[in-house]
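J.: Let's have the full structure, built from the sequences with the hints guiding it.
Sequences listed follow chains A and B, in order. Every position in the first sequence, counted from 1, becomes a number in my numbering once 23 is added. Every position in the second sequence, counted from 1, becomes a number in my numbering once 931 is added.
Hints should not be assumed to be uniformly reliable.
What the hints assert, rightly or not - Partial list, derived from the structure: chain B residues whose beta carbon lies under 8 Å from chain A:
{"hint": "1", "residue": "P1031"}
{"hint": "2", "residue": "K1107"}
{"hint": "3", "residue": "R1111"}
{"hint": "4", "residue": "A1121"}
{"hint": "5", "residue": "P1133"}
{"hint": "6", "residue": "L1134"}
{"hint": "7", "residue": "P1137"}
What the hints contain is simulated information worked out from the structure, not anything from laboratory work. Every value quoted in this text rests on a predicted model; they were computed, and no experiment measured them. Each residue gets a CB set at the ideal place from its N, CA and C atoms; glycine is no exception.
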Amino acid sequence: MNEPRALLNLNHLSKTYGSNRVLDNFDLTIFDGEFFTLLGPSGCGKTTVLRMIAGLEDTDTGSIQLDGQDIGQVPAEKRPINTVFQSYALFPHMTVFDNVAFGLRMSGVAKEEIAPRVTEALEMVRLGDFAERKPAQLSGGQQQRVAIARAVVNRPKLLLLDESLSALDYKLRQQMQIELKRLQRKLGITFVYVTHDQEEALSMSDRVVVMNKGKVQQLGTPREIYEQPANLFVAKFIGEINQLAGEIVEIDGNHEYEVKVEGLKWRLHAEHNFKVGDKVNVLLRPEDVRVEYIDDPHPDQYLVGTVVERNYKGKTLDSLIRLPSGIEVIASEFFDEDDPSFDYSLNQKVAIKWVPGWEVVLPHEV
Amino acid sequence: MKSSVGQFRFWAIGLASVWLTLFVFFPNLLVILTSFLTRDPQATVSLPINADSYVRTLDLLYLQVLWDSLRMSLLAMVFCLVVGYPFAMAIVSLPKRWQPVILFLVILPFWTNSLVRTYAIQFILGNQGIINKALLGLGLIDKPLQLLYTQFAVILGLCYILLPFMVLPLYSALEKLDVRLHHAAKDLGAGPLSRFWHITVPLTSPGIVAGCLMVLLPAMGMFYISDLLGGAKNLLLGNVIKTQFLHTRDWPFGSAFSVILIVLLGFMLWLYFRAARFVNKQGGLNGSDF
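T.: Below, the structure is given as structure tokens:
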């Protein structure tokens, strides 16, 4: 891999609607050719960022640079950026062909070049036979693909996708996720994707920025964000997580700590710098929790809990286990065909442990 | 519950049907019948049945009137469109809570009789009117301009009376226009003019056609406008019809002109419905608008 080249720089973007600060000193760099996702709950400012990049929204303060050039004052129609809108916003009075050709005609592409390019774009989204249809005659998924073709046919430097799959049903969405990813690899265009769906963000993106209340919470690869959440918000927003209260009792140096959790002392690794006596949260993904029969011999220390709920999920068995402190821990385990003693009964006492190092230790937040 | 709704429907539709039959269908039938009868000084009309009245309308004099009134009405229509479209766009761009207020102001003049309002125009345009007095007072002219009793005065009067009929359908079409389509067009490189021409105009074309018809159709018959503002020369088709019925007492001839006007207007309505169907077929955003 070559050193990634910065394509888009957002510097100190801020935006306030009335008394509502939608974006707060927002900085971001997007690299050339990557699939980048803005992820966050609704109202976190992600769509505002996208619309600012497109030029459909003014910035209060801050600058936007594309390829090193400030485009803050360039109107939307002059930016080499195209958008796939959440509502698709296809022109209802035009055929699919005319919809896709619109951008080319507006930028004055030679007439004889338009038809082949439109046809190519439509074939790319597998709608070659639908050129003469009107948008109203297409299904939701087909309209979605027209919207994509209409954007990519212009060969933009940046393709923005605003919750583009959210209107589709689950199966179609999964299929479109794969198609989008494939399209992005084939075209080599930088995609900036906005979604509130963390699964979608993890499965499609090269890098993700998690946003909340107009601020960056964490920026990283899907794996970094899932496995090393920077704060409690990210940890909880990205998938399910168990939260155990702890306290630093000893510092072993080099980010190794003795942490008291549920009355036991554990040797844990943490990226943060803690002092003795600091309150911390020890976070564990449900799939990292190990549940074992208490009668088996245990070389390591473990927590004891009571099974209070069992949920059969098909692929996994999710157990809810109550610890003596009252905290409930979710454990998600894959079925093991070879293990006859996999199942637990309600109210059974079990041993809980986890693979050392898979936990995340964060400062205590309320 | 269901039967009471059914009963309401029966009476509502029934009453409207009776009303339309009594006051629209039969009178028009009578007009058509009359147009094929012969003028009779004693009994107003009498047999035999013939098409003489229609033949007489082909007279160059009347064709000239037809052409003149069509031209004046078309000019009034174009003027209303040119003024009404930006006006309707301006209303739509206002905050939502102000729009009904402005629309109310547009409709407000209807509360005054249009005949009275036309007299008011007379006072403004006349030789002793406000405009001439002001210009004379300012020393810009030394004798009054002939504003009243001109074609210009008739067109102005038509525009003044009919402008709301243009603004209202345009407003309702523009109001329905999805702003997201504008954003999409902008995103795809369309400047303000291109967006207007490729998005706004085609998507509001039903409103444009409706507004034009609602100006053009009544304009042809508004005899009191040309009576009060146009003098003897600038006649509308409505003047001819009125004269035949009230002054010349040639009912068959007047009826023939009425039928011609109805056919003309019917043809335009047919064009409108064709245009409206053409646009509706093209569906809306996400296909859910229609």
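J.: Where does the structure disagree with the numbered hints, that is, which hint numbers, in rising order?
T.: As far as the earlier hints go, 1, 2 and 7 are violated by this structure, in ascending order.
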